[in-house]
Amino acid sequence: MFKILKYSFFDLVRSRWSYVYFLFYLLLAATLLFLNNDLSKAVITLMNVIIILVPLIGTIFGVMYFYNSKEFTELLLAQPIKRSSIFIGLYLGVAVSLSMSLLLGIGVPFLLYGLTQSAAIWDFSLLLITGVFLTFIFTGIAFNISLSNENKIKGFGYAIMMWLFLAVIYDGLFLMSLVFFEDYPLDKLSLIGTMLNPIDLSRTLILLKLDISALLGYTGAVFKTFFGTNQGLIISISVLFLWVLFPAIRMVRKSNKKDF
Amino acid sequence: MIRFLVITLTLLFVHLNVQGIEVCKSCKVSSIHEAVKAAKSGDTLWVKKGTYHEYNILIDKPLTLIGIEFPTIDGQDQGEIIRVVSDSVTIDGLFIINVGTSYTTDYAAIRVVRSKNFVIKNVILEKLFFGIFIEKSSLGKIYHNKIIGDAVDEYNSGNGIHLWYSKEIEISKNIVQGVRDGIYLEFSDYISVDENISRDNLRYGLHFMFSNNDVYSKNIFENNGAGVAVMFSKHIRMYENTFRDNWGTASFGLLLKEINDLEVENNVFRNNTIAISVEGANRVNYKGNTFESNGWAIKVKGACYANLYSGNEFLHNSFDVSYNSKINDNVFDQNYWSKYSGYDLDKDGIGDIPFRPVKLFSYIVNRTPETIVLMRSLFIDIIDFSEKVSPVFTPDELQDFNPLMKRLK
Amino acid sequence: MIKVQDLHKKFQKNIVLSGVNLELKESGIYSILGPNGSGKTTLIKSILGMVLPTKGSIKINDKSIKAAWDYRKQIDYLPQIANFPSNLKVKELISMIKDLRGNSKRDKELINLFGVEKFLDKKVGTLSGGMKQKTNIVLAFMFDSPILILDEPTTGLDPVALIHLKELIQKEKERGKLILITSHIMSFVEEITDEIVFLLEGNVHFEGNISELKKQTSEQNFERAIASLLISNHV
Chain A
89 MFKILKYSFF
99 DLVRSRWSYV
109 YFLFYLLLAA
119 TLLFLNNDLS
129 KAVITLMNVI
139 IILVPLIGTI
149 FGVMYFYNSK
159 EFTELLLAQP
169 IKRSSIFIGL
179 YLGVAVSLSM
189 SLLLGIGVPF
199 LLYGLTQSAA
209 IWDFSLLLIT
219 GVFLTFIFTG
229 IAFNISLSNE
239 NKIKGFGYAI
249 MMWLFLAVIY
259 DGLFLMSLVF
269 FEDYPLDKLS
279 LIGTMLNPID
289 LSRTLILLKL
299 DISALLGYTG
309 AVFKTFFGTN
319 QGLIISISVL
329 FLWVLFPAIR
339 MVRKSNKKDF
Chain B
36 MIRFLVITLT
46 LLFVHLNVQG
56 IEVCKSCKVS
66 SIHEAVKAAK
76 SGDTLWVKKG
86 TYHEYNILID
96 KPLTLIGIEF
106 PTIDGQDQGE
116 IIRVVSDSVT
126 IDGLFIINVG
136 TSYTTDYAAI
146 RVVRSKNFVI
156 KNVILEKLFF
166 GIFIEKSSLG
176 KIYHNKIIGD
186 AVDEYNSGNG
196 IHLWYSKEIE
206 ISKNIVQGVR
216 DGIYLEFSDY
226 ISVDENISRD
236 NLRYGLHFMF
246 SNNDVYSKNI
256 FENNGAGVAV
266 MFSKHIRMYE
276 NTFRDNWGTA
286 SFGLLLKEIN
296 DLEVENNVFR
306 NNTIAISVEG
316 ANRVNYKGNT
326 FESNGWAIKV
336 KGACYANLYS
346 GNEFLHNSFD
356 VSYNSKINDN
366 VFDQNYWSKY
376 SGYDLDKDGI
386 GDIPFRPVKL
396 FSYIVNRTPE
406 TIVLMRSLFI
416 DIIDFSEKVS
426 PVFTPDELQD
436 FNPLMKRLK
Chain C
87 MIKVQDLHKK
97 FQKNIVLSGV
107 NLELKESGIY
117 SILGPNGSGK
127 TTLIKSILGM
137 VLPTKGSIKI
147 NDKSIKAAWD
157 YRKQIDYLPQ
167 IANFPSNLKV
177 KELISMIKDL
187 RGNSKRDKEL
197 INLFGVEKFL
207 DKKVGTLSGG
217 MKQKTNIVLA
227 FMFDSPILIL
237 DEPTTGLDPV
247 ALIHLKELIQ
257 KEKERGKLIL
267 ITSHIMSFVE
277 EITDEIVFLL
287 EGNVHFEGNI
297 SELKKQTSEQ
307 NFERAIASLL
317 ISNHV
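Residue numbers (our numbering), protein chains in the order written: chain A, 89 to 348; chain B, 36 to 444; chain C, 87 to 321.
These are computed hints drawn from the structure, not numbers from a lab. Just so you know, these numbers come straight off a predicted model, no measurement behind them. Be aware that a few hints might be false.
[Claimed, not checked] Here are the simulated lysine-lysine pairs, DSS-like style, with alpha carbons at most 27 Å apart: (1) C:K99 x A:K91; (2) C:K300 x A:K158; (3) C:K175 x A:K170; (4) A:K94 x C:K184; (5) C:K99 x C:K194; (6) C:K159 x A:K91.
Put together the whole structure using the sequences plus the hints.
If you want it as structure tokens, here you go:
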């Protein structure tokens, strides 16, 4: 598995897209710092971008890489290697190289800017951690979708739909259900609704760390007492882990049952 | 030798030049109690450096009480320390600690009752319950004092400067921190509150109740439970104050509740959860204020009539204006909005298309507060945008028809 | 060495293999022939474990290959369409496969034989079909495994390379390997093959050597013999 991971990682690291992705983040972070001159504001703006873009790029990259490395997988399938190793290896290759682009692209400008002396370092680390989680989650989901669809166009379409659902439509439904059930106590519902969507969960984690929680009023207090405690943080990180784990498990199962 | 000479000379000088009584441990009069008893009306008491374990000092004649090098009066938590019941009393330069705490009596470090023309200045209060308590008095000055409390809970803490049924009092250049309400005014008219710093207080930095015709200016209200609450009052003027970092679940910079005829001018509101929370306020003019990086700049609840917002700056607030009703009888005119994205073709400095300060999301949040968990979600940005393009839910007439293109300062 | 028992494979509703029985005991060169869509590639991929049978079993050296992967150490496979990760250089591709499978002693010899050294530093994506196939052959023969599966090995090869390939296959057979070939080039098959397995509509329609085939179909020409197998079945 590690050999596969190594090859797909280096394959990707040398590809143009990794650089584009890396440079995009580099430029974004540098511009934000340059224009804003305020570390914590830059972190907030960056959050808005990361929450939406990281999943999108993870999805597109995952699907693209899967279909493009069809030959590579077929070559590997005839070799004495476990199927699960092949796909987990490929998946980790994509996820790790995307995470690298993200970490370096955003990390370098911030480090140069003097992040280590700033109080924002924890918010920033949390931002990067959730960014990495989202990369793994959405690459995993993208791999699942591509494994289940031989047809490239279909696979691509489903993957984009899935992203659209989790990034936008889910929140719409969430909002409607909150408004619809407004006569009932909603703390639990909003907590659960947040937990079920990795994008919402990441957004909430970062927002609460940035102490916008005060804006959230009573609900914020409920959220703060949940997410603010170590237990809450552990639960949310575990949920994110599950979001990584489930696609990976399904990937192994699906790949073991698939004909190539 | 020289040192001894200097001290003797100084004491001599003091002795010779001023009529009065000296108080010190080795003096003829060694306690403030005795000194007050011995003094004649109009005398000056010189309290020298040292610690005096005294409480319930009753000043019942016009006296001037001056501390030299901040003598300490330690009340040993027994109750009230100084009570003034005579006109024309001056208290200057004391360091008062350990006021008794009680759940039935509002013990204060200095209490002034039914007196006129008092002056309290250069006093330092620590470990207090109530600080300076002015009761049915008038024409006084509370100047350049420092009140440092260590309050933890609201129910067993008192206020820093507390006015009750008092008139025409100047409160200026004081520092109040760590108490329940920094400055509290109840049934007190014609009061001026200037250049004070009120910070880290449990409840309010400044609290008005049923007090009219007061002015406060150039104060700083920082990191209080809430900045300033003005309730059931009228004809108040507030200008050039700074409200900042009043940040917390229920915090605000300025709360206006059931008030009429107010001027709020050239204040700065920065980093407050809610900069101004308005409930039942009429005929209020907001001019030249700066709202920066607040959660809500202006949050309007209930009916508010004939308010004017003009020449203010709204910079990077999460929500600029929030309404919970569709009724609007307030005017927004010629403000600067950092979120304004219009253009100015005729170059007159005023945007050619109006600005709508109320976002759809703020309307939804007002209706169902829990929905705020969706803040900064892409979906919210999308519906806000569509509402901006064609308003359906937000008050249609609530617009700034002349948004400024550039900041005022 | 390879034993296929009652092998069925359905892709959704499309039946590709319906009860294939095949036993290849000894070393030698076996050709799997059959019209398009007869299930040749599916059979090969089933042996390689890339396609999972609907029913039936495959054993290699008396061990079932179900859910196993290390039996593939005994198999070298030359895929039909030589598509490799296009970002890699030929050199890197070879060393990658070596890294994945363990070391090979024969790579230099094979690279020389097929003239691959000329484009070792080129990216795989820029190679011509023939160059790709040569690389493909190097990769397949490199590891000297007891079983060789060659899917259309002649595709795109120039005559010189073709001769080298034939010689190589013969040599491997003499070294006691089992070689399984599919090809559409009948002359190639006729020249090198020992046994023919003819697949038709998902079944083994004929199994035996070339002379047996000619006798059964009463045709002198190998190509015609094959054709007649097809025609007789369709009539």
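Cross-check of the supplied hints:
no.: 1; hint: C:K99 x A:K91; result: violated (37 Å)
no.: 2; hint: C:K300 x A:K158; result: violated (41 Å)
no.: 3; hint: C:K175 x A:K170; result: holds (25 Å)
no.: 4; hint: A:K94 x C:K184; result: holds (14 Å)
no.: 5; hint: C:K99 x C:K194; result: violated (46 Å)
no.: 6; hint: C:K159 x A:K91; result: holds (17 Å)
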